[in-house]
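Take a look at the letters that make up each chain.
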Amino acid sequence: MASKTTVRSEGGKVRRVVVVGGGLAGLMTVIKLCEAKVPVDLLSLVPVKRSHSVCAQGGINASVNTKGEGDSPQVHLEETAYGGDFLANQPPVRGMAEAAPGIVNMLDRMGVPFNRTPEGLLDFRRFGGTLFHRTAFAGATTGQQLLYALDEQVRRFEVEDVVDDHGVSIPGEKMVRKFEMWDFLEPILDDSGVCVGAVAQDLKTMQIRPFLGDAVVLATGGPGLVFGRSTNSVICTGTAAIAAYKAGAVYANGEFIQVHPTAIPGADKLRLISESARGEGGRIWVPKDKADKRAANDIPERERDYFLERMYPGYGNLVPRDIASRALFKTCFHEGRGIFDEATGKNELAVYLDLTHKDEKFLRAKLAGILEIYEKFAGVDPYKHPMKVFPAVHYSMGGLWVDYEADARGSLKAGSPRNHATNLPGLYAVGEVDYQYHGANRLGANSLLSCIYGGLVTGPAVASYRQAMAKSAFDLPKSIFEKAEKRATDDYARILTQNTDAKAPENAYKLHEELAETMLRDCTIERDNKALDGVLAKIGELDLRVKSVRVTDTSQRVNQGAQFVRHLENMLVLARVIAQGARNRDESRGAHYKPDFPRRDDERFGRTTLAVHEQVGSVKFVRAFDYTCAGETVHVTDAIDTSLVTPRERKYEQAGAASAAATGKLGSEPESKSGATTEAR
Amino acid sequence: MAESDRKDVGAGRKVRLRVRRQDGAERVETKRWEEFEVPYLPQMNVISALMQIQKDPRTVDGKTVAPVVWECSCLEEVCGACTMVVNGKVRQACSALVDALAPKGETITLEPMSKFPLVRDLCVDRSRMFEDLKRVRAWIELDGTHELGAGPRESARAQEERYPLSRCMTCGCCLEACPQVNDSSSFVGAAAVNQVRLFNLHPSGAMNRVERLESVMGEGGVADCGKAQNCVEVCPKEIPLVDSISQVARDTTKHLLFGWLLK
Chain A
55 MASKTTVRSE GGKVRRVVVV GGGLAGLMTV IKLCEAKVPV DLLSLVPVKR
105 SHSVCAQGGI NASVNTKGEG DSPQVHLEET AYGGDFLANQ PPVRGMAEAA
155 PGIVNMLDRM GVPFNRTPEG LLDFRRFGGT LFHRTAFAGA TTGQQLLYAL
205 DEQVRRFEVE DVVDDHGVSI PGEKMVRKFE MWDFLEPILD DSGVCVGAVA
255 QDLKTMQIRP FLGDAVVLAT GGPGLVFGRS TNSVICTGTA AIAAYKAGAV
305 YANGEFIQVH PTAIPGADKL RLISESARGE GGRIWVPKDK ADKRAANDIP
355 ERERDYFLER MYPGYGNLVP RDIASRALFK TCFHEGRGIF DEATGKNELA
405 VYLDLTHKDE KFLRAKLAGI LEIYEKFAGV DPYKHPMKVF PAVHYSMGGL
455 WVDYEADARG SLKAGSPRNH ATNLPGLYAV GEVDYQYHGA NRLGANSLLS
505 CIYGGLVTGP AVASYRQAMA KSAFDLPKSI FEKAEKRATD DYARILTQNT
555 DAKAPENAYK LHEELAETML RDCTIERDNK ALDGVLAKIG ELDLRVKSVR
605 VTDTSQRVNQ GAQFVRHLEN MLVLARVIAQ GARNRDESRG AHYKPDFPRR
655 DDERFGRTTL AVHEQVGSVK FVRAFDYTCA GETVHVTDAI DTSLVTPRER
705 KYEQAGAASA AATGKLGSEP ESKSGATTEA R
Chain B
11 MAESDRKDVG AGRKVRLRVR RQDGAERVET KRWEEFEVPY LPQMNVISAL
61 MQIQKDPRTV DGKTVAPVVW ECSCLEEVCG ACTMVVNGKV RQACSALVDA
111 LAPKGETITL EPMSKFPLVR DLCVDRSRMF EDLKRVRAWI ELDGTHELGA
161 GPRESARAQE ERYPLSRCMT CGCCLEACPQ VNDSSSFVGA AAVNQVRLFN
211 LHPSGAMNRV ERLESVMGEG GVADCGKAQN CVEVCPKEIP LVDSISQVAR
261 DTTKHLLFGW LLK
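If you read the protein sequences in the order shown, they are chains A and B.
Residue numbering for the first sequence follows the working numbering, starting at 55 and increasing by one per position.
Residue numbering for the second sequence follows the working numbering, starting at 11 and increasing by one per position.
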């Protein structure tokens, strides 16, 4: 067969694929590549076991329908499309919903300690945007448990030898080589614009070097740090996505940033209290009397305003996150009805999330992980006292644009090299860094699913791409890689040496604080065009001031300061994509809400936002572009494929509205109790 | 420290940190203590104090220095990255709250863990822990990720036994606190032994039970445990590590005595 796919190149090197990021999406991609006998170099900012996926708490969706409710992948598809306010292309969503039960079975086989029913089957709980029990879970640390399971499977491949074309082990070559604590700097493109590797930096020795790869997969997560404090880990700066964007990758739907309704306020981070707290019966409330000074437990039931249940009787506390966050914001910010704080004499920006009516043993079995976080960080016992929470930036629905190929049924065509391909040939994106599955708002417990499903699809896509590629990276002249390495090395030297003599240099961490403050205030739950103009002006100012940054550390060992300057420069570019996208979209859809344009406008804005980098300080938005995948030119437009679920107005007042087309029912619920206060077992 | 008595409440309150620093493992000559004072924030933890230093890296003597280097990621005590020695006790810096550590403005002392190679300042290299996971084969031998139906049924009781064991963040607290983990011993430590128990409890994992037990027999294995029980005291996830060690120790003894009979 074609020599470009022999295990070793003529020079004797093992031909590998580079995967950047060791969260769920990256690890799943690695496993699929290894199963397809493709050796991998896995790069990660942190030891992969510490990736941000560990923070996911509540669970993973799969319509296994073990509760006799009539749930099915078709209902899951519809509720995901509806919950996302019809911004997502629907074939990938169908593929995901249909694969979900098999994914949960696979994880079960890997040994994930999922909670069980009395019969020993997987237990499922409720999550937002649905009335069905669809979410499998391992206590309240499901993300951690899934990440560990995939990490363990990848470790198996770390000890497995690469086998040559004759079936003989190659000494010293393992299927997976891990490079942990490495920072992705940029994709390496050959003369025809094909991605043939990545430049990365060792964060311990600060050494910069190229990694050759027949393809590069970015699985680098979300950009929460653009907003400063969020529910994200501090590593989630979005820097890798922006490096790809600067190299020509299209960024899609950047303005869609999910704000999670329930997080614990904090000085360094806003710690998430999972939606599963409400899925297991938790209720949101504020005192009816806004001047009520009593402790929560002293306020009788009739004097509490369970405002989500009042406003949305059909879904109650389990309305989708964008809707819940807006309701919390309205209650606290516009109506000034947050919890009264006697010390300050003011109404705080906080509401109660109450689980105290539930049995402690039940809570320990299902929610201990999050209740322990609350107890540790807020210093209050959530088994006995309602928790105080407020919305926080949580997830980016937008991300690098990626392609898909639909099959005749309108699902994803398995093994197509177009699946998860960015518009840079050979560069793939998967996980939160892509834009594919969640439209304008992600449903809870769909993110773990989309990461793993994305990985299951991306591995085979990359394997197909390798078969079809014109040339292997390992047969290219060295000069391509040396050039890329030199550019990155020079840029790093610039960061270390710039403004050393400046009289009033800027501090990168302070600039970041200013950026975050602006983004958080004016570019999250409610957006106003005048305020967004202010945000853009502020980003412009910071674009200039960032040039005056002087690093606080010039050491050649673990230089976190220099690394942060690079990430900050990229965060500014991303902030502009987000803010400009929001400025342009004069409608309200999912997480993007403009009080001046309160309705969805499918005619003008029923389309994907496609951003293309021009230079620092400007974003170009396009309606269409062409790209090449595996030798084939693909024409892409911003039209959305809504062929599977017809767009309709999105409302959660009435039970069953989100699944009406698939179930043919409206107003009846799959269970007897009201949606808000499900009693499990 | 007379002033510190006034520092407990109100605006202008400061947080004082005493940090053990060193530029690299081989650069012993750079080993030093530095003290910093940063503004207090509500609900502040050690991480936010270190973040404040980054914005204005100056010691209390007014000397501009490189900001302190440390590792962190999730900040909610689930990733294990920010483990260090805070006021003499090994723990995660994110859940080390300033109000609890220094209610009266006492100085907070930060040191790197001592049982791992130093990288810089508070950052150490814990890769041996990940290597140990290879040694004990901490995984299920999966046939593949293709559709093969559901996993084995498991009772809720069995899940409740496995789940707490599976919450190990590979943070290193148990190794740091263990007297048997030192330069002159190769003891694998509680974290890896706990993984042996975890996977041997799983119906599919148990199919490789013997290999896993044999991996912790002999030198540096479970028998090297000195039963100090420090590990269970410091484990932030309250994993019953002592139980895991005794269980695995019993199983290895049985295997040693009768294994040849059962093969």
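To be clear, the hints were calculated from the coordinates, so they are not data collected in a lab.
Just to be clear, a hint being listed does not mean it is correct.
[Unchecked claim] Estimated spans, in silico, between C-beta atoms of each pair: (1) Lys41(B) with Val688(A): 56 to 64 Å; (2) Lys41(B) with Ala524(A): 53 to 61 Å; (3) Val688(A) with His156(B): 26 to 34 Å; (4) Asn192(B) with Gly588(A): 57 to 65 Å; (5) His156(B) with Leu175(A): 56 to 64 Å; (6) Asp66(B) with Glu657(A): 50 to 58 Å; (7) Lys674(A) with Asp153(B): 47 to 55 Å; (8) Val676(A) with His156(B): 55 to 63 Å; (9) Asp109(B) with Gln552(A): 36 to 44 Å; (10) Ala524(A) with Asn192(B): 31 to 39 Å; (11) Arg677(A) with Pro162(B): 48 to 56 Å; (12) Asp153(B) with Arg541(A): 42 to 50 Å.
[As the list claims (entries may be wrong)] Which chain B residues stay away from chain A? Per the calculated CB distances, all over 10 Å, these: (13) Gly22; (14) Gln53; (15) Ser58; (16) Val70; (17) Ser105; (18) Leu111; (19) Lys125; (20) Glu151; (21) Ala160; (22) Asp234; (23) Glu243; (24) Val244; (25) Ser256; (26) Ala259; (27) Phe268.
Every residue gets a Cβ at the ideal spot worked out from N, C-alpha and C, and that includes glycine.
Results of checking the hints against the structure:
{"no.": "1", "hint": "Lys41(B) with Val688(A): 56 to 64 Å", "result": "58 Å, holds"}
{"no.": "2", "hint": "Lys41(B) with Ala524(A): 53 to 61 Å", "result": "55 Å, holds"}
{"no.": "3", "hint": "Val688(A) with His156(B): 26 to 34 Å", "result": "29 Å, holds"}
{"no.": "4", "hint": "Asn192(B) with Gly588(A): 57 to 65 Å", "result": "59 Å, holds"}
{"no.": "5", "hint": "His156(B) with Leu175(A): 56 to 64 Å", "result": "22 Å, violated"}
{"no.": "6", "hint": "Asp66(B) with Glu657(A): 50 to 58 Å", "result": "52 Å, holds"}
{"no.": "7", "hint": "Lys674(A) with Asp153(B): 47 to 55 Å", "result": "49 Å, holds"}
{"no.": "8", "hint": "Val676(A) with His156(B): 55 to 63 Å", "result": "39 Å, violated"}
{"no.": "9", "hint": "Asp109(B) with Gln552(A): 36 to 44 Å", "result": "39 Å, holds"}
{"no.": "10", "hint": "Ala524(A) with Asn192(B): 31 to 39 Å", "result": "56 Å, violated"}
{"no.": "11", "hint": "Arg677(A) with Pro162(B): 48 to 56 Å", "result": "52 Å, holds"}
{"no.": "12", "hint": "Asp153(B) with Arg541(A): 42 to 50 Å", "result": "45 Å, holds"}
{"no.": "13", "hint": "Gly22", "result": "16 Å, holds"}
{"no.": "14", "hint": "Gln53", "result": "5 Å, violated"}
{"no.": "15", "hint": "Ser58", "result": "4 Å, violated"}
{"no.": "16", "hint": "Val70", "result": "17 Å, holds"}
{"no.": "17", "hint": "Ser105", "result": "5 Å, violated"}
{"no.": "18", "hint": "Leu111", "result": "13 Å, holds"}
{"no.": "19", "hint": "Lys125", "result": "17 Å, holds"}
{"no.": "20", "hint": "Glu151", "result": "8 Å, violated"}
{"no.": "21", "hint": "Ala160", "result": "5 Å, violated"}
{"no.": "22", "hint": "Asp234", "result": "24 Å, holds"}
{"no.": "23", "hint": "Glu243", "result": "17 Å, holds"}
{"no.": "24", "hint": "Val244", "result": "15 Å, holds"}
{"no.": "25", "hint": "Ser256", "result": "21 Å, holds"}
{"no.": "26", "hint": "Ala259", "result": "23 Å, holds"}
{"no.": "27", "hint": "Phe268", "result": "27 Å, holds"}
Consistency note: the structure conflicts with the earlier hints numbered 5, 8, 10, 14, 15, 17, 20, 21.
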